[in-house]
Each structure stands twice: as C-alpha cells, then as structure tokens.
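K.L.:
Protein sequence lines, in the order shown, are assigned to chains W and E. The opening position of the first sequence corresponds to residue 1 in full-length UniProt numbering, with each subsequent residue numbered one higher. The opening position of the second sequence corresponds to residue 1 in full-length UniProt numbering, with each subsequent residue numbered one higher.
Source of the hints: derived by calculation from the structure; they are not laboratory data. Among the hints, a few may not be true.
[Claimed, not checked] Which bits of chain E does chain W cover? Going by a derived footprint, with three or more residues having C-beta under 8 Å, they are:
1) 70-77
2) 100-114
3) 279-290
Virtual Cβ for every residue (Gly too), placed ideally from N, Cα, C.
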Amino acid sequence: MKAKSRNYYLIPYVLWIALFVITPIVLVVYYSFFNIEGDFSLENYQKFFTPVYLKMTLSSFWYALLITFFTLLIAYPTAYLLTKTKHKQLWLLLIIVPSWINLLLKAYAFIGIFGTYGAANKFLEVMGVGGKQILFTDFSFVFVSVYIFLPFMILPIFNALDELNPSFIDASKDLGASSWRTFSRVVFPLTLDGVKSGCQIVFIPALSLFMLTRLIAGNRVITLGTAIEQHFLVTQDWGMGATIAVFLIIFMVVIMLLTGRRKRGEMR
Amino acid sequence: MSDQTIIRFENVTKQYDNDPAVLNDVSFEIERGKFYTLLGPSGCGKTTILRLIAGFISPSKGDIYFNNKKVNEVPANKRQVNTVFQDYALFPHLNVFENVAFGLRIKKLKSEIINQKVIEALKFVNLEGYEKREIKEMSGGQRQRVAIARAIVNEPELILLDEPLSALDLKLRTEMQYELRELQRNLGITFIFVTHDQEEALAMSDEIFVLNNGKIEQSGTPNDIYDEPINRFVADFIGESNIVEGVMVEDYVVRFTSKTFACVDAGLNQNETVEIVIRPEDLEITSPDVGKLKVKVDSQLFRGVHYEISCYDEDGNEWLVHSTKKAIVGSEIGLYFEPEDIHVMRLGETEEEFDKRLEAYEEGSYES
Chain W
1 MKAKSRNYYL IPYVLWIALF VITPIVLVVY YSFFNIEGDF SLENYQKFFT
51 PVYLKMTLSS FWYALLITFF TLLIAYPTAY LLTKTKHKQL WLLLIIVPSW
101 INLLLKAYAF IGIFGTYGAA NKFLEVMGVG GKQILFTDFS FVFVSVYIFL
151 PFMILPIFNA LDELNPSFID ASKDLGASSW RTFSRVVFPL TLDGVKSGCQ
201 IVFIPALSLF MLTRLIAGNR VITLGTAIEQ HFLVTQDWGM GATIAVFLII
251 FMVVIMLLTG RRKRGEMR
Chain E
1 MSDQTIIRFE NVTKQYDNDP AVLNDVSFEI ERGKFYTLLG PSGCGKTTIL
51 RLIAGFISPS KGDIYFNNKK VNEVPANKRQ VNTVFQDYAL FPHLNVFENV
101 AFGLRIKKLK SEIINQKVIE ALKFVNLEGY EKREIKEMSG GQRQRVAIAR
151 AIVNEPELIL LDEPLSALDL KLRTEMQYEL RELQRNLGIT FIFVTHDQEE
201 ALAMSDEIFV LNNGKIEQSG TPNDIYDEPI NRFVADFIGE SNIVEGVMVE
251 DYVVRFTSKT FACVDAGLNQ NETVEIVIRP EDLEITSPDV GKLKVKVDSQ
301 LFRGVHYEIS CYDEDGNEWL VHSTKKAIVG SEIGLYFEPE DIHVMRLGET
351 EEEFDKRLEA YEEGSYES
C-alpha cells in the first residue's frame with residue numbers, strides 16, 4: 001500500500017520527463033531519418049560525415065575548447081582570490097549577478113561596446129593605436145562567450161576551494177612544500193572536482209552556441225549550433241538539423257560520462 | 001641555555017589585531033630528545049605555541065630561536081619541524097604510500113630511497129602492507145599512524161603533535177599513549193605534544209607546561225606538577241583537588257578549618273594567607289574521633305577503581321575523598337592525612353619565586 005501511494009508522487013515528475021525530455025529526443029531522432037523530400041533514409045547521417053559537417057564539428061569543438069580554457073584561466077584565480085577576501089559571499093554575489101541578465105541583452109551591449117564607434121575603439125584611438133575591427137572577429141566571439149560563461153565556472157571552483165580543509169595547506173607547507181608546490185600538488189588536485197564540473201557547465205553549452213555566433217562573430221564562426229538553427233529556420237531541412245542535434249546529444253553524453261566517471265574514481 | 005636547547009622562546013607575544021593577546025610574554029626552553037606536553041584548557045594558547053614553532057604564524061613580539069638561530073620569519077616549509085595535525089590532514093587524493101612520501105618527493109630524493117624510507121617509516125608505526133590503501137579505507141587509529149609516519153619519515157629534529165589522540169576512543173587512546181611514548185624513546189626525537197587531557201599529559205611527558213590565558217602557569221615533571229601545584233588553577237586542572245583557605249602560623253605549621261596542622265612547608269611569612277591543597281586520594285576515611293577532620297558524607301559515586309565521596313565539614317568546605325572503602329551517605333566520618341599530604345600554595349606566587357623558596361627551605365632542612 002505504502003509503496004503504491006508513494007508512486008503517485010512520481011506522476012508529475014514522470015509526466016514532465018516524458019513530455020519535455022523523452023518526447024523531444026525521440027522526435028529529433030525520428031526527424032533525423034527523413035531527407036529534405038520527406039522520404040525515410042539514412043542520407044542525413046551520410047551527409048554528416050562529409051568534410052563540410054566534419055569541419056563544422058571540429059570548429060565547434062575548437063571554439064568550445066578555447067572558450068572553456070580561457071574561462072578556466074580567469075575563473076580559477078578569481079575564485080581563489082574570492083575565498084581569501086573578507087566578505088566572500090558578497091563578492092561572489094557581485095560576480096554572479098551579471099548571469100541573471102538576459103543573454104541577448106548582454107550580446108547587444110557588447111555590439112555597442114565593440115562596434116566601430118563603440119567604447120573599445122574610442123579607447124584604442126585615445127591610446128594612439130587607432131580604430132580596429134573588433135566586432136565580428138574570433139577574438140570578440142571568444143571574449144564575449146568567456147564573459148558570459150565566467151560565473152558558471154567560478155561558482156563550482158569557489159565552492160571546492162571554500163570547502164578545502166585549510167589544514168591540508170598547513171600540512172603541505174609543514175612537509176616542506178613551497179606555495180607553488182602546495183598549489184600544484186594539494187590545492188589543485190583537491191579542487192579538481194570543481195574544475196571538472198565547471199568545465200562541463202561551460203564546454204557543453206559552448207558546443208552549441210548559436211546566437212552569439214551571429215551577433216558577435218557575424219556568422220564568421222559556424223558551429224553545430226548555428227548549423228542547426230540555419231537548417232530549421234532558413235533551409236527548412238529539418239532532417240539534417242535533427243541529425244546534427246542527435247550528434248550533439250551523443251557528444252554531450254560522452255563528455256558527461258567521461259568527466260563524471262573520473263570524478264568518482266578520484267573521490268575514492 | 002645549553003647545546004641541548006633546541007627551541008627557545010624569548011618574551012613571545014602573539015596578538016591578533018586589537019584582541020587580547022593569545023600568548024602573553026612567554027619564555028621557555030625545549031631540550032633535545034625529550035617528550036614535552038603543553039597542557040591547558042581550550043583557548044589557553046597551547047596550539048598557538050605549536051603554530052609558532054611550526055612557522056604557520058609569526059610572533060607579534062619577542063623572538064623564537066631554533067638551534068640558537070632566530071627563526072621568527074622563517075616560513076614553515078623551511079623549518080626542520082614536522083607536525084601531526086589534530087584532524088591528521090592526510091591528503092585524501094593520495095594513498096598511504098604517497099602521503100608518507102610527500103615530504104620526500106618535495107626534497108626530490110631518488111625513488112629507491114623514497115621507497116625504502118617510506119616502508120621503514122610505515123614499519124615503525126606497525127602499518128606494513130598498507131602502502132596501497134586509500135586514506136578513506138583506514139580507521140581513525142590507522143590514520144593517526146599514517147600521520148605520524150608522514151612526520152617521522154622526514155627525520156625532523158622536532159615533532160609537534162596537536163591533540164592527535166582526541167578523536168580516538170578511550171581504549172585506542174590509551175594504547176596510542178604507550179605507542180607514542182615508545183616511539184619517541186626509540187627515535188630520540190623531541191616531541192612537543194599538545195593536549196587538554198591531564199591524564200594523557202601525566203602519563204606521557206618528561207616535562208609538562210601548564211598553560212592558562214596565554215601564560216605558562218607552571219612547568220616541570222609530571223610528579224612536580226601533580227605534587228606541588230603552584231596555584232589554584234594548576235591544582236584544579238591537574239587531577240582532582242580539595243582547595244581551602246588557610247593561614248601559615250609559622251614554618252611547618254598551618255591553620256585551616258579552625259584547626260592547626262603540622263605540614264612540611266616553610267619559608268613563608270608568619271600569618272600569611274595561603275591556599276591548602278589536599279588530593280582526594282590522600283584522604284583516608286576513619287572514625288570521627290580518630291580523624292583530623294570531622295565531616296559529614298553528602299553523596300557518593302562509584303567510579304570503578306574507587307568511590308568518589310563528597311563530604312562537608314562544619315565550616316561548609318567541601319572535601320572530595322577517593323576511597324576504595326564505601327561510606328554511608330549522611331553519616332559522620334573522620335578524615336585522616338599525613339603532614340606531607342598538605343600542600344601549601346602562596347597567593348599569586350610566580351614559578352620563579354616558588355622554585356627559589358623550594359630550594360631555600362630544602363637546603364635548610366638538609367642542614368638541620
């Protein structure tokens with residue numbers, strides 16, 4: 001009886017998962033088997049392994065990697081400094097607040113800043129460097145992406161650092177390790193879980209970025225995300241769009257499995 | 001100061017911002033090859049002393065000497081000192097072998113030498129064959145041993161132990177007391193042990209420093225401190241004590257509870273107000289007419305080895321008695337004690353004055 005009544009509580013959850021997780025995935029997989037004429041075929045999958053799409057996949061991974069790398073490069077020291085400040089929760093909040101602002105708004109703000117007559121160019125002129133094309137470059141794309149993803153990377157790393165038992169640092173120094181050695185042999189390995197979840201949170205969405213590629217990179221950067229958007233909205237080739245989506249889902253699952261499993265291994 | 005001195009504190013004060021000093025003008029010397037204990041209630045400054053020696057913090061005032069070299073500003077990683085932390089601070093991402101090898105790897109020793117030293121150190125703490133274990137798989141007592149192995153493998157001149165037994169259960173704690181003591185004797189390294197457990201301190205140490213409120217109240221061998229506590233705090237903190245007010249009538253005669261008694265203390269002013277300490281185990285239960293004190297039994301607890309009997313005399317002073325004999329609650333009994341059992345404490349006497357007085361009258365008594 002008890003077990004049965006407990007099952008009723010699961011109904012909303014199961015419904016939600018079925019409607020908003022399983023159905024879309026099934027639909028995406030289903031559509032991926034139809035070519036542009038609406039016939040059932042494996043054409044789309046063959047097409048995915050042509051150089052055009054493979055290059056796109058490669059470039060998606062490359063940009064996602066760049067974005068994750070630079071985000072980590074900035075986030076780790078920031079998180080580290082945050083744990084050393086007096087009012088760390090307040091500082092953390094200040095860093096997180098920008099993530100509450102709509103992504104589109106932030107993107108348009110950067111168009112203003114990086115535009116030909118924007119603040120960045122004005123500054124360069126004052127400095128005597130002269131105006132530069134900043135918007136619609138790889139640089140601006142990576143820069144804005146890093147800016148947007150930064151809080152998501154800082155948060156898990158900050159938590160990991162904050163939970164780190166300070167006596168580990170004492171112990172390391174006590175055993176003769178310099179500050180750098182203490183960092184590389186004790187602090188970093190022990191906060192690796194935070195780094196991993198941060199990288200996951202950044203890398204996976206970065207793989208399928210599409211709005212920023214158009215607004216900030218001016219379609220010079222074409223990632224899998226952009227390709228999906230174009231296929232669904234412009235060329236109306238839903239089958240091909242769905243196929244790319246299927247591959248994206250597979251990539252994400254693989255990445256999560258890889259980072260997740262290692263994490264558990266290290267913990268024990 | 002001799003060649004035997006390894007650590008010397010000279011008027012060391014440690015103060016954070018404008019808070020009251022954690023450590024107030026402390027001076028002492030630590031000799032090579034002995035087992036020292038810093039004993040005191042929490043917040044007395046004992047861990048601060050340890051952290052000062054380890055180099056995690058530096059003194060606000062005063063100097064610390066290590067082998068006669070001033071080390072105030074020498075960072076922890078440059079000191080020939082290793083610490084066993086209260087929570088052990090074993091690195092959870094490394095296994096037992098790598099934890100012990102950590103210090104050796106920092107020194108960049110050859111891997112064969114590291115291997116040999118680690119295995120030797122683990123053998124010393126009876127953990128052979130545990131090299132590949134993860135820290136999580138080890139019990140509290142085993143972690144304790146790993147922490148000790150991690151310290152001794154570096155062959156430091158001094159090992160600091162910060163309440164390392166406090167997380168263990170009673171039986172294991174007693175076992176580790178023996179082991180630690182033996183380990184220290186076998187290695188011949190100086191140990192500085194921090195604890196708030198007076199029994200632990202008495203059982204293990206060559207010398208005890210009793211601390212309170214950032215000051216050293218008394219230092220000496222366990223026997224000295226137990227038998228001749230310098231003031232009320234030490235008497236109360238080390239073991240159970242009956243402390244009553246008294247008056248020193250003349251040398252070797254003291255008056256308390258409106259009676260005069262023979263005692264073995266001298267060198268005090270006539271009619272000086274003093275405090276009297278009699279240990280509960282020195283009080284013997286007899287019949288009321290034979291006893292030196294007449295008291296009424298108030299309550300009684302069975303403590304296993306002895307009965308703890310709480311009595312009150314006619315003046316309302318409480319007398320705690322440890323006796324293997326049972327008493328009857330509510331009955332009148334007599335308490336008997338020898339003159340040597342009475343310990344007289346001067347009010348506000350410093351350790352130096354106390355030692356001087358002790359020497360003076362001991363010499364005097366030998367002459368007579």
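K.L.:
Against this structure, judge whether each hint is valid.
P.N.:
Verification of the hints:
1. 70-77: Holds, because 3 residues of the stretch 70-77 of chain E bring their Cβ atoms closer than 8 Å to Cβ atoms of chain W.
2. 100-114: holds (count 4)
3. 279-290: With 0 residues closer than 8 Å to chain W, the stretch 279-290 of chain E misses the three-residue bar; violated.
Violated hints amount to a single one, hint 3; each of the other numbered hints is respected by the structure.
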